[in-house]
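Enquirer: One-letter residues, chain by chain:
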Amino acid sequence: MRVREMGLLLFKCCDKCTHFGEKPCPDFVKCRVLGPVCHDNPGCRELRKTLAARVRREDAPARVIVGMGTCGIAAGAGEVFDALQRALEGAGVVATLERTGCIGMCEQEVLVDVVLAGSPRVTYGRVTPDMVERIVVEHLVGKKPVAEWVVGEILDETRPYEDLPFYSKQHRVVLRNCGFIDPENIDEYLVHEGYVALSKILSEMTPEDVIEEVKKSGLRGRGGAGFPTGMKWQFTRKSPGERKFVVCNADEGDPGAFMDRSVLEGDPHAVLEGMIIAAYAIGAEKGYIYVRAEYPLAVSRLKLAIAQAREYGFLGHNILGSELSFDIVIKEGAGAFVCGEETALLASIQGERGMPRPRPPFPAVRGLFGMPTNINNVETYASVASIIRNGAAWYAGFGTEKSKGTKVFALAGKIKNTGLVEVPMGTTLREVVFDIGGGIKDDRKFKAVQIGGPSGGCLPESLLDLPVDYESLTGAGAIMGSGGLVVADEDTCMVDLARFFLQFVQNESCGKCVPCRIGTLRMLEILNRITEGKGVMEDVDTLTELATRVKELSLCGLGQTAPNPVLSTVRYFRDEYEAHIKDKKCPAGVCQALTSYTILAEKCRSCGLCAKVCPSGAIEVPKMPEGEGEGEGESGEELSGRRVPRKKPYEILQDRCIKCGACEKECRFDAILRR
Amino acid sequence: MPYTLTIDGKQVSVEPGTTVLEASTVAGAEIPTLCHDPALSAVGACRLCVVEVEGAKGPVASCAMPVADGMVVHTQTERILTSRRLILDLLLSDHPKDCLTCEKNGACKLQEYAYKYGVRGPTLVGHTRKPVVDRNNPFIERDNEKCILCGRCVRVCHEVQGVGAIDYAYRGFDARITPAYDEGLDQSPCVFCGSCVASCPVGALSPKLEKMTGRSWEKTKVPTICPYCGTGCAINLLVKDGRVVGVEPGDGPANHGRLCVKGRFGYEFIHHPERLTQPLVRRDGNLAPATWDEALELVAARLSGIKGRYGPDAVAGLSSARCTNEENYVMQKFMRAVIGTNNVDHCARLCHASTVAGLAAAFGSGAMTNSIDEIAMADAIFIIGSNTTETHPVIALRVKEAVARGAKLIVADPRTIELAELADVHLQHIPGTDVALLCGIMRVILKQGLFDKEFVAERTEGFEEFARSLEPYTLEFVEGITGVPAGHIVRAAHLYAEAERATILYTMGITQHTTGTDNVLAIADLAMLTGNVGREGTGVNPLRGQNNVQGACDMGALPNFFPGYQRVDDDAARARFEAAWRVDLPRKPGLTVVEMFSAAARGDIRAMYICGENPVVSDPDIGHVRGALENLDFLVAQDIFLTETAALADVVLPAASFAEKDGTFTNTERRVQLVSKAVDPPGEARSDWEIIMDLARRMGYRMEYRSTAELMEEIALLTPIYGGIRHGRLGSDGLQWPCPSVSHPGTKFLHKDRFSRGLGKFSPVNFIPPDELPDDEYPLVFTTGRVLYHYHTGSMTRRSSGLNWLCPGAYVELDPATAERHGIADGDAVKLVSRRGEVVAQAKVTEGIRPGTVFMPFHFAEAAANVLTNPAVDKIAKIPELKVCAVRVVRAHLPGAARPDLAAARTRVQTIREGIDLRKVDEIYEGFEAREGILIPMLQKMQDVYGYLPRPALERAAKLLRVPLARVYGVATFYAQFRLKPRGRNIIRVCQGTACHVRGSRDILKEVTSVLGVGPGESTDDLRFSLEPVACLGACGLAPTMMINDDTYGRLTPRKVRGILDKYK
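If you read the protein sequences in the order shown, they are chains A and B. No gaps in the numbering here: position 337 of the first sequence is 337 in this note's numbering, and each next residue is one more. Going from the second sequence to this note's numbering is simple: count from 1 and add 675.
Since the hints were derived computationally from the structure, they do not count as laboratory data. Some clues are possibly wrong.
[Unchecked claim] Capping the alpha-carbon separation at 25 Å, the derived lysine-lysine pairs in BS3-like fashion look like this:
hint: 1; chain 1: A; residue 1: Lys303; chain 2: A; residue 2: Lys286
hint: 2; chain 1: B; residue 1: Lys1595; chain 2: A; residue 2: Lys441
hint: 3; chain 1: B; residue 1: Lys732; chain 2: A; residue 2: Lys402
hint: 4; chain 1: A; residue 1: Lys659; chain 2: B; residue 2: Lys772
hint: 5; chain 1: B; residue 1: Lys1616; chain 2: A; residue 2: Lys286
hint: 6; chain 1: B; residue 1: Lys1731; chain 2: A; residue 2: Lys612
hint: 7; chain 1: B; residue 1: Lys772; chain 2: B; residue 2: Lys791
hint: 8; chain 1: B; residue 1: Lys1681; chain 2: A; residue 2: Lys585
hint: 9; chain 1: A; residue 1: Lys665; chain 2: B; residue 2: Lys1738
hint: 10; chain 1: A; residue 1: Lys665; chain 2: B; residue 2: Lys1731
[What the hints assert, rightly or not] Interface residues of chain B toward chain A, partial, derived using beta-carbon atoms under 10 Å:
hint: 11; residue: Arg722
hint: 12; residue: Ala739
hint: 13; residue: Ser758
hint: 14; residue: Leu766
hint: 15; residue: Asp926
hint: 16; residue: Ala976
hint: 17; residue: Pro1264
hint: 18; residue: Gly1608
hint: 19; residue: Ala1651
hint: 20; residue: Phe1653
hint: 21; residue: Asp1721
hint: 22; residue: Tyr1724
Backbone N, C-alpha and C fix where the C-beta goes; we use that ideal spot for every residue, glycine too.
Model the full assembly from the supplied sequences, consistent with the hints where possible.
Expert: What follows is the structure, given as structure tokens:
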């Protein structure tokens, strides 16, 4: 086993090399991967080649790679990593044990890849520590994969797992390195064409050229609103100001979204490179990344990446020997969703309450500390280097007429393949949910897909063939948002889901403007009434009217989009509202006040557990008719190792039931029906 | 190029940068607003001002939207009206409908718009806020339930007042405006200026003194001028049934709608029961009521008798800086024409006599060169010897405004006064070393070539000699004398000299010295050296202390000047006055205030007529003053209260207060402004001018004025600088002198192209130490000053229960080292002893004062600072050295200690009990490279250290960052991450995101709750666990998820949760 080596590409080949972090060489990137460039010496060339190969692990006889994004860690990747370390040492295997970011298949976490020299990359899914021993022994020592645990084989990193439907429809631009490189090692980013775009713009392009290129690519803000990125850069460049700022909005607050997190954890340098290019284009000297503090791993990987970039001369004074000086500071959010709104975000960086202010003036004119400021989100910046490297036309080749390029989505909820996917704009919802996502978990019935978080909408089955692009989604009453897709099945109550989002918005409203502060509360109160069975049909109209006004009148994007989940559920799932109001029923059996529990006589084994846990004494010991139940019944069954007499099924007294669900949770025979 | 817009079909042209709201107003459209205040930043919070702009996606908040050329705006469409109705509906759904008893009824904007838009009551009902009323202070009642969160109070408190006593806290529906920690205003840094009350559009903030005094429409507004400091703020007296029941700020040129606590709430003295209502005559040693005839006949007889027996110079008069110009004119005319002496002076002798002398010598005119408004335009402001926020609160706002705009601020003061905290450099010099300090600064400017050579060459004289005189003032030398580090002196020199427009503000810290005139000359030298005179936004600006001290000087209530600074020994001038007044006038200048008391003590002065002054408290060495007054044959006091001085008088004449008479006051910027009668004087009290006129008649001199306007005509005739002043011309903006003719618009700043004396005159000055220096017996330097809540000798302010509540008594400021040496703790009683007497007061131990210096305010008769002060005077101006003398301090016993500082005590207790080491906050602060925007990162690091945010740590952070505590509290309650209470060692964060929600996170939360027995947001009793649900952890692919400390867990089931929690138990 070999420990990771850092800084391999900083080695000087000989005295002729003049590169220092403080005084970097313009040809640094090209030199380290293909070099040397400034002089011709076979020895030096050989050294460069060897070092680059080492970084690529081409010299490793065997590699074991653990997916160590947050999802991986949440699933237990830490323990698996430790177990692998022990097992490899124990078996005396010569192999590198590496970590990588999220490859996207959350559902299969923990993911462990094994690469034997000369063989394709084999991936194991749902690995637990007790599986490790066998993988080491059979695959690494015995050179034979443990077939039953294999998820797939990677042949080509740009199109991984061609045989898996999860990947076959994806195009990975933003995610190109996620799950393939070690995000904590800048060398790995470099050998995967990292900082090539930066070198290119500094040596070949003027700031205006860069802006033009980004404009031509058709890239639009991936934070949700979809404003053309090149135009934003141009505005900021043209705004007069003593100093200018580049800000990365990594305050990914939408519940159900984790695209930015995965990119920051899996390929932080891609974001940095995008920001440096933006700084060059607009003329900024300082950048801020505003990242959620709830993402500690992303924060620590960003910090590491920034330190490495400084050491290598990609940040700091005279970047790669050019006139460009730029540095980046991380600001950790402190738990306020509204700080994803750009003016609130800027206020927060300035140390204030994250209260949005009216625009204009836009940040491009008056932003951070009153200076022109360019704000883009993580995914936008992460797209930039690839656009510069491959050209605007290449990027514009993906997507639809007005929505170019690819978009990353986070698949979550009642879907089989939860995870992270990147598809060309215009891919249909059906392709995403069914082809890539594998359909509904436990083969339940699809009900809706919630797109765009609290700002977005709930789309029904009839809209599954909607192409995913900015215009189509807005037309359907949803928004692209940042890209969270939460799938709901028949067990999800749409009224409850709307209520959930309004509760969220009400908790997160900054309290500044009247429609958002009071209006959303009044909406929430109506929804609470409906889910409690106290609604009347006029409530739906009041709700719709109120939602429409709050949307129009609110000061910032939070309030302006907060009614979307309500409006879209009323629009597409009106029947559920009616069921709650008219029939006093929650069809999904979610809304507690409208739910009743009954015991299915045919399934009840009369074990009595439900009666024991019932806090209100609503489950009765059945009364035995005379003569019955004495002695051992004919059909008495083995339970807890002893024979019990056959009894009559238990019953729930509805007037005493407080609908806590304790009985349902406790029952081992699925005998309790919630309706 | 103006933009042209179409608003409701009408075309209007406005300048770019105008808002749609302003443009609509130009077009005549009526747009309702709640959060908008043109004097404050636009926030667009209430959304009531929405309009439709063609091409815009939805309704647009017009208050925050700048116009664009060709914009087409509709302000009254049905869609817009419906929107506005909804906003009002929503506001009313969380607003008490108690207009019947609300003080704001009739003046409430919400009520007005509800009426206009026909919103009878909320159609949407629901949850409302809990009412919380803060009334634990004398002046302002805050009713949270009525608050509509428009934020005007917050903005005015921050943007205009620069205090930040209140701020937004919490968020969502719980958002509220509050002082830090939801405490009362009494616990906050509130200075009770009342700006928030004035700005509040609803009944959430109301003036307590006005409670139940009548409805807004029942009160008459009488515009007049504030009776306190020399700023000359416009106010409106609210009058009902012959009583002043309230004060509103007026939009005057000096204050633009701003006021301080005294002007706004210090009006109780007007109808105070202790007002003098009839003349008093001493009979058998006691003052007893008398008729006006009795009293005035007695005064006429005694004054005539003494004049006849000892000559006119045996009589002396003190005029009053609080009386009108007309009254001062009459008073000095009475002394000169009726008594026949120039023995007339007033308290300007004690404040700006040296200014008058010094600036007259340097420039030819002894007044503030520029206007108050111009302070805000300056690029550098040098404040020396002025605690502006306390003495001239409204002028200090202009300083803060300039600083907020980026102006540099230099403060020279032995104490860390409030403005010193804002300053770019604070020169904390030893009291009495101003000349050395100024010479040091000027030498740097000269040596480094930072001076204005052209200005010096063309506009001044005496430069060579002056320049030579600076030679000895090397940095080492000056540092040795002043105690100010050389680096600070150099920095100050650069900041001042390199500014395009620099202004100097000063007050008593410069003037009240035996070298007062030298100090002023040095300041004039500094301004001339850098060419900072005669231009807008520059100048030498002595801030005058009393409402009409400028006017009293202008009117010749001075022993050597007739009105308009015409010398009494100038034969031509005297001839003019003799002709006009039809008497022979004395040529010899009279005695100054301090000289009068010495003469009285010697028996040379036999009678005094003291009008509206209280020298027994205000003058130096008051033991001596009292003795002198007791030595007189006859003393007349004319006042509105029986002051400490009046109590010694033989005859006391009841006068009218400012609210009860007409006339003019001249403020510190030379602005003559109208004072209007609002109510009748109490009892038989009469205006000072009427009393003196009556007395003159009884003494055989014809003085007949029918009105003060007529008086002003005589003044104008004889006083060239007032030549164009007529009551009829003054209007609401007044006129600034010089105003030589009735067509002259007045003068905004002096010495524009030439100095009043022709060329500006440089005067070499030399450092001379104060008259009395510390020695072994009296080792400390004693200095005096004012506090915000009181005024002069307190005759008015100490009759306001509210002002007394806020500042109940005297105190002594000591530095910690001196305090420790004498075994004195904060709050102990201490005795100060000087060569002239001793006083006892409460100790206030503070790091904000120069070691070895002690400070005391002089307002309090029962602990009068002037018992201690030194009557030594400046040779030229005869101003006493009130600012420096030598004292010693000992611990003492004080009966009935003042109100203890509860907030500070609580902080101490919490710091000790919770074992909070505040040095960690300092370390965290020092750890940041830049100071820009570090509040949130600091709080995050503090929370890492302490586990939560303890109050003392927040207070420390606020102090280090110079951010108001209310703002820090607002930030700490806004972000979900921050906790203000101790929390568990293990933090459990259960994800409440959408994916987790649909996958059953409710059950996870329930499980944690049932296993640990804690609800969301709570901690277990043993502080092992805290349960803190979060919006989304971003591991949605493994929903439901939770985090314990830094460990993330996914694919949870209730059963799994139980096992995980066990690991942490």
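Enquirer: Tell me the hint numbers this structure goes against, listed in increasing order.
Expert: Result: hints 2, 4, 15, 16 and 17 break, sorted rising.
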